[in-house]
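Asks: Protein chains in written order, with the working numbering: chain Z, 1 to 302; chain U, 1 to 301.
Since the hints were made in silico from the structure, they are not lab data.
Positions of the beta carbon are idealized from the N, C-alpha and C atoms, including for glycine.
You may find that some hints are simply not true.
[What the hints assert, rightly or not] Covered by chain U, according to a simulated footprint, are these stretches of chain Z (three or more residues, beta-carbon under 8 Å):
#: 1; stretch: 14–25
#: 2; stretch: 28–39
#: 3; stretch: 58–71
#: 4; stretch: 79–91
#: 5; stretch: 128–134
#: 6; stretch: 244–252
#: 7; stretch: 278–287
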Amino acid sequence: MRHGRYPLIVSFLLPPLVLYGVFVLSPYLQAFQISTTNWLGYSAQADPVGMANFRTLLHDGYVWNALTNNAVLLLVVPVLTIALGLFFATMLTMGGRKGQAGVTGVRGTAVYRLVYFFPQVLSVVIIALLWKEIYNPRSGLLNGALHALGLPTPAWLGDPRFAFWCVLAVMVWSNVGFYVVLFGAAMQAIPRDIYEAVMLDGASRAVMLRKITIPLLWDTIQVAWIYLAIAALDGFILVQLMTNGGPNFSSDVIGNRMYDTAFGSETKFGYASAIGVVMFFLTLSVAVLALRAARRDRIEYS
Amino acid sequence: MTSVDSGTRPAPAALAEPTTGRPPRRELGVANVFSHSFLLLWAAMTVLPLAWMVLSSLKSNGEILADPWGLPEALHLDNWARAWTKAHIGRYFLNSAVVVAGSLTLTMLLGAAAAYVFARYDFRGRQVVYYLFVGGMMFPVFLALVPLFFVVRNAGLFGTWTGLILVYTAYSLPFTVFFLTAFFRTLPTAIAEAALIDGCGHFRLFFRVMLPMARPGLISVGIFNLLSHWNQFLLPQVLMQGDESKWMLAQGLNALAVNQGYAGDYAQLFAGLTIAVLPVLVVYVAFQRQIQAGLTAGQLK
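If we strip away everything but chain U, and leave its shape as in the complex, we get (with noise of 0.2 Å):
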């Protein structure tokens, strides 16, 4: 691996190096000793919270209790079954993915209709539903909670992966609409002109040229958004209590450190929590560079 990672390397320096005509000089002065412990200590706790989770995900309770720093004395791959079938985490997963894929594609899809009307179509009030709409996304969830829980209840959506799907779609359309908006304004109108002069519908318009373009947006806003929900532990805590068998994985983890709490199953839990921060690791380290563009994108608009 060279000094820097190559996408991101300026150009004048990249220029620069092969001219100088000396050897370079390596990273050896003290400011930079320095500075590379100081980043090598922050990876470190980055990295062992995790690494240990996982390893004590491996270990009996006895070792966790008797050694919190030591290793398994063998793999008690036990943990993570007793986790995935007992403690219902792989139930869990499978409620998240159902809920999420669903208000994801609706929060994409109605986001994006939205957002394309804002851009490119002039009606009256246009600013001002604009503004109230996109107004939303300044403040948390939090402060709606309790009227909430009763439109919920009496909409008859409690305890319901439809309302929660509505719900996590109904707080993501601020954000999406605010952000497609800027998007959709961005693409040249010629392309949709031509394709108007030659008789292409309105709806046509949008589904075969618009959201093709609008593409790259779409990626970012949908990991945005994909994360935010898969991660929402507030909203199904309030709307989805009752029926365990319908809870969401970030409400089963939870009952699961309740429950260790009185079982003192430390294994259980960790397994748990690596079932759980696994398949995200994947996905991340798959598409980091696209994750981390989305989701600085989304706080820097």
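Just chain Z, same shape as in the assembly (with noise of 0.2 Å):
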């Protein structure tokens, strides 16, 4: 029985962990070990300089003002696409007939959640680049139906006061549908006699989203937090194509600061990977924290 197990793991397990160390692991690593040098890209000096870089970072205007966005990001994203996603959810698993015996959902269901998803499925390059034609201030979508309807047409991705709510608009935009399939297919897991009991009871549909759907999809809910935190702590690409942080940094997040620095006009690797271990740290806390504000007894059906 035990010939030929130990040929089998090594040549199973040795390939993929080659791979993984040496194009994830060891950037990982190096990462920390650079961000202590004053490495500035090509060539191959670069001194330890210890914390400068940290220390630098402390006092380095530019990262606190995307530090600050993505903060916004974190607080405005999830909170507005859960609450978006557990909505049109509600209203597609449940929404239809009231006082009916069942609980079903609203009519065309399926082609709903067809429509919905589908920014799921496309590159956010295509998100971003669609979008920001649609923002286009003189041949956008956006503009030219404020002009038709005779209402002041803004530069929207060109003005400091719009642009980084621009960006967040179409943030929440593309990830709401994936949340409305995530939340119906856990509220498909409820059984339909508990809406059934407390609709003969009388409750509104209100309470019954707040008193029983809410909690017994917290699970989901605290997993839909954790990634959409995750996103926001993110959101470069969109940010990179859309406006590049501009216009005057106002839409500036803390990935595109460090891409800046790496690659852009600058190659201060050395800074830019003490950048990329803070977002490490950040990173790691917001899904600790999450984790443990959301940490609630769980639930599991008979």
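Please assemble the complex out of the two chains, which come individually in their own frames, going by the hints.
Replies: Below you can see the structure in the form of structure tokens.
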């Protein structure tokens, strides 16, 4: 029986582990080391400078500006996305025919799901470029409509007051459909008789959502929260392609700062790695915090 | 079409309907009109941008600038031809297909093999290796970007498809292994034991018995990886600079947008975007159930 066991273990495990070690693990570890140097990229010279990069970081106004934007994303994007996702998912799974014996979705649930989910399969690049055109002050869909209605037509991405919120809106737009489907699937698993019982007792839909659906969906909401929080700390591709952090750094995010520092006009690899290390710990603590804050007893349906 | 899609209709409701005896009340309540209009509004907000993109790809640049909401006077299919040949969207499309085919195959093969060992074989240090391996999925690719650039360059893989394939694979492995390990653990052990007693070797057992049994899990995680590899932008942007003829589709689209900024060829950009979206749309509509299940299962685990 034992014959042929170890050859299999070694030959199955070694190639993936080598690949992972070389391209994933070693870069992560190196990032920590590089972050304590003043490496300027293409030259080989890199002197250890200890914590100097991190001290610079503390007083770097651009980094703080970007971090503030990330913090706003972190507060707004998960809340909006989860709220909209829950709302639509509730409509689709149990919005129909209140007062009947059953709890069902509205008409055309399948079509709604099909449509809502679609942005999720699109590349972020396509989403960013398409919305950049929609926001286009001259030829965009949005200003076309506003113009026809006789309303003012702002420059959207070109206006420091709006640019950041425009990007945030796209972030929510592209994520909601996914969470509608995710929450919808979780809601399907809730036994119908619970709803039917409270409906007989005369509970309104809002009460049902607050007292039954949300508590029973808590695990899923928690997962959603973590993923959205991590997405909010990133948001780099959307920002880079839509505004490149501008105008005047109004829509900058920390990812864009790091990319710019490393691969932009100046190749400060040491400093960029320090930003990366900070992001690493931010991501980690946000995930841990979200897990802690949302911890509740797990509910299992018998 | 009936009120809900039949596959997800909960059993009690389906049973209750015929027995009520009175004609079912249709959705006429105020709450329903209200909720339905919100649902419609969001659907419109999803469809409209995409429909606008397709329509604009058929308009002339003059028409796009004059009236963003207008319909095309004549179908300007030359936009598509221009995007396909002059902006090389056709070539980038093929490039992406080649790289994704390679990276997906490699990810699935290595991922399934490692997951199978983690799930079914005991050896010293298994837990440690497993968590070290799977821990990688917690963090965005982003954080490793700077050193990764040099790792790839020093390995002589900078600007090559092989490099991209290996890096895509390496970053997809943690999640793939995590997902498939859980899946292999759910498979019954009796069949494997019977096969071993019948003299089946360990390698044959994997390829002939276990892999076919794991098909549903492989499909779910395969769809997940397919989409994330196809939509990858950050890695090629950093690791595939330079030689334009080897670019990925996402890079080509981005170049198209940059070029639009200078040359003002809006129609070509819309055509390029449409060309990139259409095949995804077709695949999505055809396999929507599997894709939705695959992607949501991926996040739930």
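Asks: Give a verdict on every hint.
Replies: Hint-by-hint comparison with the structure:
Closer than 8 Å: that is the beta-carbon criterion, and the stretch 14–25 of chain Z has 9 residues meeting it against chain U, so the requirement of 3 holds. With a threshold of 8 Å between beta carbons, the proposed coverage of the stretch 28–39 of chain Z by chain U holds, since 4 of its residues qualify and at least three are required. Remark: the stretch 58–71 of chain Z is not confirmed as covered by chain U, as 0 of its residues place a Cβ nearer than 8 Å to a Cβ of that chain, below the required three. Look at the stretch 79–91 of chain Z against chain U: 4 of its residues bring a Cβ nearer than 8 Å to a Cβ of that chain, three or more, so the hint holds.
Residues of the stretch 128–134 of chain Z lying with their CB closer than 8 Å to a CB of chain U number 6, which satisfies the three-residue condition for coverage. Check result for the stretch 244–252 of chain Z against chain U: violated, 0 residues qualifying (beta carbon to beta carbon below 8 Å, three or more required). For the stretch 278–287 of chain Z, the stated coverage by chain U is satisfied: 5 residues place a CB nearer than 8 Å to a CB of that chain, which reaches the threshold of 3.
In terms of the numbered hints stated before, the structure departs from hints 3, 6, listed from lowest to highest.
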